[in-house]
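Q: Residue strings, one per chain:
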Amino acid sequence: MVKRQVPAPGHVELWVHSPVLAGATPGQFAHVVTQGTLRRPISFSRLDVDTGNAAMLFQVVGVGTRWLANQEMGAVLDILGPLGRGFPVPDARRPWCLVGGGVGIPPLFAAASQWTSAARMTPTAILGARTESLVLLEEEFRQLGHVVWITTDDGSRGMKGTVIGPLARWLAKNPQGQVYACGPTAMLRAVGAISGQRDDVWMALEQRMGCGVGACLACVVLGNGPEGPDYRRVCTEGPVFSGEELIFP
Amino acid sequence: MVKRQVPAPGHVELWVHSPVLAGATPGQFAHVVTQGTLRRPISFSRLDVDTGNAAMLFQVVGVGTRWLANQEMGAVLDILGPLGRGFPVPDARRPWCLVGGGVGIPPLFAAASQWTSAARMTPTAILGARTESLVLLEEEFRQLGHVVWITTDDGSRGMKGTVIGPLARWLAKNPQGQVYACGPTAMLRAVGAISGQRDDVWMALEQRMGCGVGACLACVVLGNGPEGPDYRRVCTEGPVFSGEELIFP
Amino acid sequence: MNLAVSLPRGLKLKNPIIAASGTFGFGPEYASFVDMSVLGGISVKGLSPDPWPGNPPPRVWETPMGILNSIGLQNHGVEVFCQQDLPFLRETDTRVVANIIGHTVDEYRQVAARLSREPGIDALEVNISCPNIKEGGMSFGQNPDQAAQVMAAVRFETDLPVMVKISPNTTYPVEIAEAVEDAGADMISAINTLVGMAIDVKHRRPALGGVTGGLSGPAIKPIALRIVYEVAQTVKIPVVGMGGISSTMDVVEFLMAGAAAVMVGTITFQYPRRMQEIVAELPEVITELGFDCLQDVVGSALPGRSNASSMMEAEYE
Amino acid sequence: MNLAVSLPRGLKLKNPIIAASGTFGFGPEYASFVDMSVLGGISVKGLSPDPWPGNPPPRVWETPMGILNSIGLQNHGVEVFCQQDLPFLRETDTRVVANIIGHTVDEYRQVAARLSREPGIDALEVNISCPNIKEGGMSFGQNPDQAAQVMAAVRFETDLPVMVKISPNTTYPVEIAEAVEDAGADMISAINTLVGMAIDVKHRRPALGGVTGGLSGPAIKPIALRIVYEVAQTVKIPVVGMGGISSTMDVVEFLMAGAAAVMVGTITFQYPRRMQEIVAELPEVITELGFDCLQDVVGSALPGRSNASSMMEAEYE
Ligand SMILES: Cc1cc2nc3c(=O)[nH]c(=O)nc-3n(C[C@H](O)[C@H](O)[C@H](O)COP(=O)(O)OP(=O)(O)OC[C@H]3O[C@@H](n4cnc5c(N)ncnc54)[C@H](O)[C@@H]3O)c2cc1C
Ligand SMILES: Cc1cc2nc3c(=O)[nH]c(=O)nc-3n(C[C@H](O)[C@H](O)[C@H](O)COP(=O)(O)OP(=O)(O)OC[C@H]3O[C@@H](n4cnc5c(N)ncnc54)[C@H](O)[C@@H]3O)c2cc1C
Ligand SMILES: Cc1cc2nc3c(=O)[nH]c(=O)nc-3n(C[C@H](O)[C@H](O)[C@H](O)COP(=O)(O)O)c2cc1C
Ligand SMILES: Cc1cc2nc3c(=O)[nH]c(=O)nc-3n(C[C@H](O)[C@H](O)[C@H](O)COP(=O)(O)O)c2cc1C
Ligand code: FES
Ligand code: FES
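Residue numbers (the working numbering), protein chains in the order written: chain V, 1 to 249; chain Y, 1001 to 1249; chain R, 2001 to 2317; chain H, 3001 to 3317.
Keep in mind that the hints were calculated from the coordinates and are not lab data. Please note: incorrect hints may appear among the correct ones.
To be verified - Examples of chain R residues lying across from chain H (beta carbon under 7 Å, computed): (1) Leu2003; (2) Val2038; (3) Gln2142; (4) Thr2170; (5) Val2174; (6) Arg2204; (7) Leu2215; (8) Glu2253; (9) Ala2301; (10) Leu2302.
Heads up, the beta-carbon is just placed ideally off N, CA and C, and yes, glycines get one too.
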């Protein structure tokens, strides 16, 4: 662990030095030993192959994240990764948009950092949070040159409401636009609904995990199989799925 | 926690500030929260009512003592105590002798410190250890003015053998002498055997404990009951028992 | 918030936190560390007609997030209890649950009869995890018929509220709860310890003097919750839940699984004041979770009352 | 030190450490983190005749020193296994144990028959903790007769070494072990998970999609050791022990309790290399404890062989 920041109340970003992790695809995750009997899955917020550093930005919600947040500089972390399937690179000739809610924003930022130079048109980032102090990485997205729309549940910053409003407007203008979304399940469900669950709408999902490598079949979500609904592993077939692959209610 | 020393390899002595603990009777013990689901019983090695400090000298043997040995200065420890029945003060008109093996020595030192000024004749301390480097508190006993006999299993210091040899010689000279013993069960059994299990031979016992306060009946040893053998609680009726009270094979 | 709990036959607890049998002695042992009047009740160490000597030491052994004990139900018998321990308990401002044990149906009956004559006892708890000596040593709690026989014998002797304490060491915890309900139990308490063991590797032998012992502590909480959840759905009488409770959130889990009150055992060895802390924290925790009163928490995760399947489907179906 | 273990019907393991069924997939999942050729064997995820879909998520939940899982025995069926997974396993230098499941006796038989025709399978492990659909859903592993029927059907179809995996959710683990031994089992593996549950307090519902789940991990080690110790004293066939193993010392405990080999499950999720580390440490640990060979450790804490009672008495009797 080489660096530590507190980007928002109750949120910590940790940098670790590991060339292997730094080579991850955005959307992939790290499976981290903390306290407790299971590892904790956390996505990468920054991936820097040059320095060999990777960062993870997480919210402190329970024993594991609290333990991780309290690690001191120089601590050696036991991390399995990079794991899972990351975001596919967007087709640079067509518009794309990032839609993140809460701690769903960091993995999209890792993606944006890698893709933005290749983008022909200015990409859009729609960032949602509960309240002003919890809007993550806004400045960083602006520095990448993104058009940034902010929504907060309480209206304390940007538009009042969820990311779905701005996304609907963006989709109205860019009906075939590529969408990359990460956030709470309810938000992803809505993203799936208004984007028509297309094969170029990508969503990074969360699920309780055991192994993280595909062995235990714990982390499943319901997929749109050839012979009806089937279960897919978030740790292996995901965490990034296309809207087309998933079944939401 | 106000002070920390390493008196011998694998042994740590910790001082804590607590007037309540400092008021303990030598032979009583502290029940300490460490790692794990049960507290750890540890006797007091020093009791200083003037400073309000009490010390515990222990060997690192497992998870709990390892955790305790690693506590940093200023750490706040969760200690229940003082618990149990300590050593009764010797009759100053008759000779007395302390017999300690390994980490059985520290509680005897706490006793010696309190009693020595009142002693009419020079008391004897017989200290046993596996090897030279593990002889505990020898210098401290000498400073109290005790006659100190050392035995080591390997003969690297003092007499080769156990404390039983010197004790037998002391008992030969002082057949009605008062004996205070603490150490491994095998040693105490031998002390009981050669001293005739008298009511002025006192031994501090160890046993696996649950509550430490007499509620769970976990910590029993076999006693010499009015109607045959019965179980006594080390945490409450003990840890100090007279030879007469106990049944050894 | 009012934490009072009303149980059958007029048994009223000031709050749902009861000290579990065998972990709190007969009261005085912890009295200098814990304010007993803060507790909803205390269940005393198991009482037999005559004194039981218990098992050879060692009698406890630490395991991952748990402990094994093989106390062997040592106790000085119901008579000494009535004379020596009960006077102190009568003076304490908390409910007294007398935990009763026996080797035969008749021994249970005797203890129940003796205790029913004494003022100061608010309820009986029948520990059926004792070996049935006449039937070859398997415990009463492993067989619905034998458990029912014990309960019926106790019922015959007493009008006190009676709870039967379910053993988890059986294929049929639910069937046993039903059987003792039919035999007249007013409540079920669940669960007792699970039979386990440890090896003293250094000495190449079983760690406990009694060879096997009862596993308790946080390790067993999932099993206890499952049994409480299943029993609470089956019987009509209240369930007193226990097994591995160490925090206020654990208490809430048991209440949601259907327990009307809980007992707290092993954690007391580590933190004698934990029960007091839980009593103090409970109102705030319940309020934060969106409940108006304790009663609403009880059973809120049971089928029908819980939003289980609907929410689950809302997420991925 | 030679760690090799010889088991019935010519089954030879290079060491006693086997990956437990359901925690190691079909091999390739962990292949980039673990050197599989170091392991004594791997038991694959349970296989049924047809694919089983499994339970709705969430499927795992953390508990004190354990986890609950309600995977629901999801698997793609024995046919896909033979075509898709077995080729990889044939290439690995370790023993392959095929874990088999079914809803009826005939389903177990079918899987056993299918697997017996395939090269590359070294043993079968019959998981009898599946609901017996014809008999109302109680698991085969909770009833000696039904367990024996499953074993007899499997024995009829195969000459492979067969172990039956004992459920701890029964009053009679020992009776079940005896029944399957009589029905032709070559080995017993013990134990499977204990039925438990957790409450998702925030959402006021059972935490797992399948409501109840199987408890595994260090929390259950004392229960597993007890069952291994009891079964090892009763049956004449070897026992493969498991349940909560997380260290080399834990392995030694199981060996001393009578296990000829062990399986390691839940800890792999946290430390994928732990099995490898145990294999590396085992010789030194055994030597330090004063044993000359692995075989001498096995059963060294069992009555008769252990110095249990004598030493205990030496101390306080
Ligand atoms: C692929 C993936 C990527 C993630 N990336 C991030 C990220 O970048 N930043 C971030 O803040 N969070 C992220 N999460 C969520 C994060 O894993 C949980 O917040 C974390 O595991 C909580 O652990 P805890 O011990 O603090 O909480 P506890 O509630 O004490 O954890 C108990 C158990 O539940 C599991 N758990 C709890 N919440 C979740 C959850 N939301 N998803 C999966 N398992 C959970 C824990 O892993 C643990 O096993 C991600 C989850 C997944 C599946
Ligand atoms: C009344 C009393 C006074 C003691 N005084 C001292 C002392 O002054 N100095 C000292 O070094 N040791 C003393 N001991 C022994 C000390 O309690 C153990 O060494 C310690 O508990 C080991 O804990 P652990 O976690 O390091 O070992 P582990 O082996 O990991 O402990 C596992 C469990 O076994 C118990 N245990 C292990 N060894 C013993 C033991 N010998 N006696 C009782 N329980 C044990 C632990 O408390 C714990 O519950 C005393 C014991 C008793 C009963
Ligand atoms: C040391 C000890 C002694 C116990 N003695 C009794 C007893 O006498 N009667 C009884 O019904 N239960 C007894 N129990 C079981 C507890 O009351 C309780 O059911 C069990 O420990 C689970 O709760 P816990 O995990 O909170 O300890 C005892 C438990 C322990 C740890
Ligand atoms: C996620 C998971 C899946 C499991 N699946 C199976 C299975 O398919 N068949 C089986 O016999 N046992 C299965 N088990 C049980 C384990 O093989 C093992 O018996 C149990 O987990 C106890 O060992 P442990 O504590 O080392 O994990 C599973 C366990 C877990 C945790
Ligand atoms: S977490 Fe084990 S398969 Fe995904
Ligand atoms: S440790 Fe509980 S009675 Fe002594």
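Q: Holds or violated: is there a CB of chain H closer than 7 Å to the CB of leucine 2003 of chain R?
A: 18 Å, violated
Q: Hint valine 2174 of chain R vs chain H: min CB-CB distance below 7 Å?
A: Valine 2174 of chain R check fails; min Cβ-Cβ to chain H is 11 Å, beyond 7 Å.
Q: So, as I understand it, the hint says leucine 2302 of chain R touches chain H; can you test that by seeing if any CB pair is closer than 7 Å?
A: 9 Å, violated
Q: Using Cβ atoms only, decide whether threonine 2170 of chain R comes closer than 7 Å to chain H, and label the hint accordingly.
A: Where the cut-off is 7 Å and the nearest Cβ of chain H is about 5 Å from threonine 2170 of chain R, the hint holds.
Q: With a cut-off of 7 Å on the beta carbons, see whether leucine 2215 of chain R makes it to chain H.
A: 5 Å, holds
Q: Given arginine 2204 of chain R as an interface hint, is its Cβ closer than 7 Å to any Cβ of chain H?
A: Holds: closest Cβ of chain H sits about 5 Å from arginine 2204 of chain R, inside 7 Å.
Q: For the hint on glutamine 2142 of chain R, does the least C-beta distance to chain H fall short of 7 Å?
A: 5 Å, holds
Q: If you take the shortest Cβ to Cβ gap from valine 2038 of chain R to chain H, is it below 7 Å?
A: 24 Å, violated
Q: Holds or violated: is there a CB of chain H closer than 7 Å to the CB of alanine 2301 of chain R?
A: This hint holds: alanine 2301 of chain R lies near chain H, its Cβ roughly 5 Å from the closest one there, short of 7 Å.
Q: Let me know if the C-beta of glutamate 2253 of chain R comes in closer than 7 Å to any C-beta of chain H, holds or violated.
A: It holds, given that the least Cβ distance between glutamate 2253 of chain R and chain H is near 4 Å, below 7 Å.
In this structure, the earlier hints numbered 1, 2, 5, 10 are contradicted, and the remaining ones agree with it.
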